[in-house]
Every structure is written in structure tokens, then in C-alpha cells.
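> These are the residues of each chain, in order.
Number of protein chains: 2
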Amino acid sequence: MNTINIFNNLVYSPLGDGGKKVLYVIKIGGNIIDDETKLSSFLQSFSNLEGYKVLVHGGGKLATKLAEQLGVEQQLIDGRRITDAETLKIVTMVYAGYINKNIVAQLQSHNCNSIGLSGADGNLIQAHKRLASSPLGDRGSIDYGFVGDVDAVNVSLVKSLLEQNISLVIAPVTQDQKGQLLNTNADTIAQEIAKAMSTEYEVHLIYSFEKSGVLMNAEDDSSVIGQINPGYYKELKDHNIIFAGMIPKLDNAFMAIQHGVKRVVIGKAEQLDQLISGTAGTSIIYE
Amino acid sequence: MNTINIFNNLVYSPLGDGGKKVLYVIKIGGNIIDDETKLSSFLQSFSNLEGYKVLVHGGGKLATKLAEQLGVEQQLIDGRRITDAETLKIVTMVYAGYINKNIVAQLQSHNCNSIGLSGADGNLIQAHKRLASSPLGDRGSIDYGFVGDVDAVNVSLVKSLLEQNISLVIAPVTQDQKGQLLNTNADTIAQEIAKAMSTEYEVHLIYSFEKSGVLMNAEDDSSVIGQINPGYYKELKDHNIIFAGMIPKLDNAFMAIQHGVKRVVIGKAEQLDQLISGTAGTSIIYE
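Top line first, the protein sequences correspond to chains A and B.
The opening position of the first sequence corresponds to residue 453 in this note's numbering, with each subsequent residue numbered one higher.
The opening position of the second sequence corresponds to residue 453 in this note's numbering, with each subsequent residue numbered one higher.
The set of hints was computed from the structure by calculation and includes no laboratory data.
Take these hints with a grain of salt, some might be off.
Identical chains share a label here; the pair holds if one copy fits it or two copies do between them.
As the list claims (entries may be wrong) - With a cut-off of at most 20 angstroms between alpha-carbon atoms, the simulated EDC-like pairs for lysine to aspartate or glutamate come out as follows: (1) 513 <-> 538; (2) 490 <-> 520; (3) 689 <-> 538; (4) 472 <-> 615; (5) 689 <-> 469; (6) 689 <-> 672; (7) 630 <-> 722; (8) 513 <-> 601; (9) 689 <-> 488; (10) 517 <-> 538; (11) 517 <-> 671; (12) 517 <-> 672.
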């Protein structure tokens, strides 16, 4: 029996403009997770990326498929899953179990030492169950079930792992510190981690998915909008150019850029290097 | 948004006889995991336990039940699951996902900061796929499928987490560093971790399950054998008093006590405190 020493490697993280170390928080969208080849290629690029990094993953269609197989009916409102007890169980199994551990095992095979965590682990993300009476504007009030809204991120734990040269792979399941797990939007988790860690690092938040960026024409993947500021965002929403699931994603992006995150880019998972270097995707601009 | 500092609490771990800090490695058996009340009470006792601690859990009947629901046929040889690709998926979902995260969430609710890990996370446990041609004595050779035999435990990672006052909750899934997850016997994982960590700590290994200890009469829970040494073990096997699933468990226990682990006790999960204090269960004796 040999023991493994993980502290042998020197940690290299580039310094940002302000002298802070750079941290990449990268969200990988569901559709990539469903595609074995694309996921594998993405994980290779992620592994090659130098510096501190956190990967937040969604769940893809696997949870929906398992729910169907088990006869658990799924409800979606505004693209968000209504999470009853059975759905929470499926989400926890698929997100925090199957997907999370397979991503970690693949990263280990690329010599990218990583650790897969849910929000419960090490008290990483504390949340509360979304109240059924939450005001939702003209959409009335909805009970989302076991869905969490994030209260706090354990900055010390994230920092301690990163500085041991361990990347984090985070499943979108949080907890309320009273023993209850909560299904939580992965875009929001990426935003909250990016914001919280920006006290320590120069954080670059990358939302990567199957499209090349935010598109002028949802049917034309070459119609990428290079930059969006809050005024332009309002205009794009008013003209229904940005709609449906892109709205909460962009809300998260603006929340991040307006609360300490250095850079937010939205784009194609297969172009991770270009998203990092700023030569592809849509950049979110502060004002 | 608040941040949580996990480093505020002073870490207390009693010193053992040899001046080393004490580490409890506790395996919790499947049948307890299936019983919500017993599990909850066990986790409360585990939380109250002072000192460094690692919890290794099995899977209970949940994986078998899910396999049935999904129409995946299960095969067992010598009480060990044959793990095909579909079974591995179920095992990863149930063990590393559902059970692991629910245990961690419950421990958090008892203010026991814990982190749930599989063997892939942080490269915690490196294993290799068991070879189909492994000699099995007169039982011939069997292909167990995606089943792992442990090669190495990441002592530095375990130590680093324990010394941040974080308990570890370990699911019996390992990896081969080539991207392949492997189903691994939880008793063996407890043994391997106990052995590996005994270079750093005075390790007490507790195998807890639904019975009061190793029994003279499997039907009589009051017939606990107080101590077993290797000679007596052979005798008990020869007389068929110890048989079936207790044999690999005791093989693990002897392997641990003969390779640096200070104390090995087998007993009832509901009596955790007494197992720790040495007033219940079966003690495994070196020679």
C-alpha cells in the first residue's frame, strides 16, 4: 500500500491586474453533459487550464429521464423544476452522485486533481427553502418545493482546497443546515460562488453551454452579440430578442459583474480557451 | 451574503497512549442505513463523539430496490455484488449521491462539519479493477465487473481535512485514475483507511451494524463473543460458527489490527458510545 502526496505539485495561478490571483468559475450547461464526446473534450480543456478553477455543473436530461423511468412526474415553471421529495431524491442521485463523480473521475485521469462537492459538504453553500409566498411580480406566488435560495458560500473552504491545488466540481444541491437538501439553480450557484470568492481572487465567470453566446437570432449560432451592458440588456428583452431561459442566466451574469466579479463571459463549451482569452462569446459589461 | 468561517472552532482530539492523536474510523452497515430512525440516532451519537473521525457507509437495500425498479438484474456471489455498467451507475447514484449527501446534511444539522467523498474526490482512494482471473481458491475465477481493489489512500488529504475540523463521510466508490469509477466493498475501504491513517494517528476502527457483535449463535443477539484472536477465529470458522458475510468482515478486521491499527471492535450501531469505550461488542485481538 502506497500513500499519495497531493502537496508535491507547485500551485501556479496567474496574477490578475490588481495583483490578486485569478480564479476561473466555469459553469457547464446541461446539454454538454448529455453529450459524452463534447463533455470529454470540455473536461480535457478544463484540465489544461492553468490556475485556480471551480466547475459548476447542471444535470442535463439524465434526471428527467430517470424520473420518467421511475414514473415520477416532472413539472417545470419558467424552466425551473418543481422539486417534490421524489424529485429531490433523483436530483441528488444524478447531480451529486452520477454526474459529479464521473466528472471528477475523468478529471483525475487528466491529472487535474479535483474534488466533487454538494453544498452540504463542508458546509460549502448554505441556503434556505424558497418560500411559497415569494413575490413573483405578475406571475403570482409559486411553491417550487425543495428548492434552495443561496444565503452563504464557505469562502475559507474553497480557498483552502484551491490552495492545495485541488479544483472544485460543484453539484447544484445545497442544504439549509437543518438536514434538508435543496435543489438549486446551477447558474445561480456559479454566480454566488464567483461573487463570494471575489473578495479573495480576481474572478472570471464563464457560463458555457451549447451555443456560441447570447444570440441576436436564437436560430443562428453565428449571430453572437459581442457585449451586453444593462441598458442594451433591457432593450434586448423589450424586443424579445432575449427571452425564456436566457433571462435568468443573464440576470445571474449581471448580478455577478455588479458585485465584484472581474469578468463574465457566456459562450460555447467547445471554445473554452477562446472564452478565457476573450476572443469568443458574449461579454457582460458593468454599465 | 455572509461568508462562513469554518476555522473558528478549536479542534479537540484526545491523545492516545503513544502520544498520537486518536482517529475513529467508523463503518456503518447497510441495515442501519435502511432504518431512518436508527440512522438518525446513530448520526447524533457520531456527531457527539469528540475527536477526529471518518465515517464509511455502505449502501443498504436502496441500490437493490432502485435496480429492481429500473429492471436492472442483480447478481451476488459470496455476498458481493457483480457490478455491470448499469449497476455501477446505480451504485454511484445511490451511494455517492443520495446516501452520502443525506448523511452529510444530517451531520451539518448536528453541527458536525463533514464532507462527503468518493474515492475519486481529491484522489482519495486509488484502486484497480479486480482481475477476472484472480485466484479464488477452490471457488475458481469470477469476473466481478466494475469492482475495485484498493491500491492507495491519500493520507495527506484526509489529514488536511481532519485538521480543519472536518469529518469525512466516505461512499464505497473508488477510481482507477483512468476515469473509471469502481464499486468497492465498504468494510475493505474502512480497513484500508484505518491502516493508512495509522502512520499519523492512533486509529480505532469500529465496524458497526445491526448486531451486538460477533455471535456464538447467529440467532441470539445476546451471545456476543467478547474477544477473538487469530487462533480462535480459525476455530470459529472450522466449526461454522462464523460463516458467510461475517468472514470477509473479520478478514478485514484482522488485516487492520495486524497492520498498525490500535483497536478494532465490531458491534451494534446503537451502542456506538459503548463500542468506543470498550464496554460492548467484539474486540479483535492481534495474536
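> With reference to the structure, classify each hint as holding or not holding.
Against the structure, the hints:
no., hint, verdict
1, 513 <-> 538, "both (16 angstroms within a copy, 17 angstroms between copies)"
2, 490 <-> 520, "neither (25 angstroms within a copy, 31 angstroms between copies)"
3, 689 <-> 538, "neither (35 angstroms within a copy, 44 angstroms between copies)"
4, 472 <-> 615, "within (14 angstroms within a copy, 27 angstroms between copies)"
5, 689 <-> 469, "neither (33 angstroms within a copy, 69 angstroms between copies)"
6, 689 <-> 672, "within (18 angstroms within a copy, 72 angstroms between copies)"
7, 630 <-> 722, "neither (40 angstroms within a copy, 22 angstroms between copies)"
8, 513 <-> 601, "neither (22 angstroms within a copy, 32 angstroms between copies)"
9, 689 <-> 488, "neither (33 angstroms within a copy, 48 angstroms between copies)"
10, 517 <-> 538, "both (14 angstroms within a copy, 14 angstroms between copies)"
11, 517 <-> 671, "neither (26 angstroms within a copy, 44 angstroms between copies)"
12, 517 <-> 672, "neither (28 angstroms within a copy, 46 angstroms between copies)"
Hint compliance for this structure: hints 2, 3, 5, 7, 8, 9, 11 and 12 are not met, and every other hint is.
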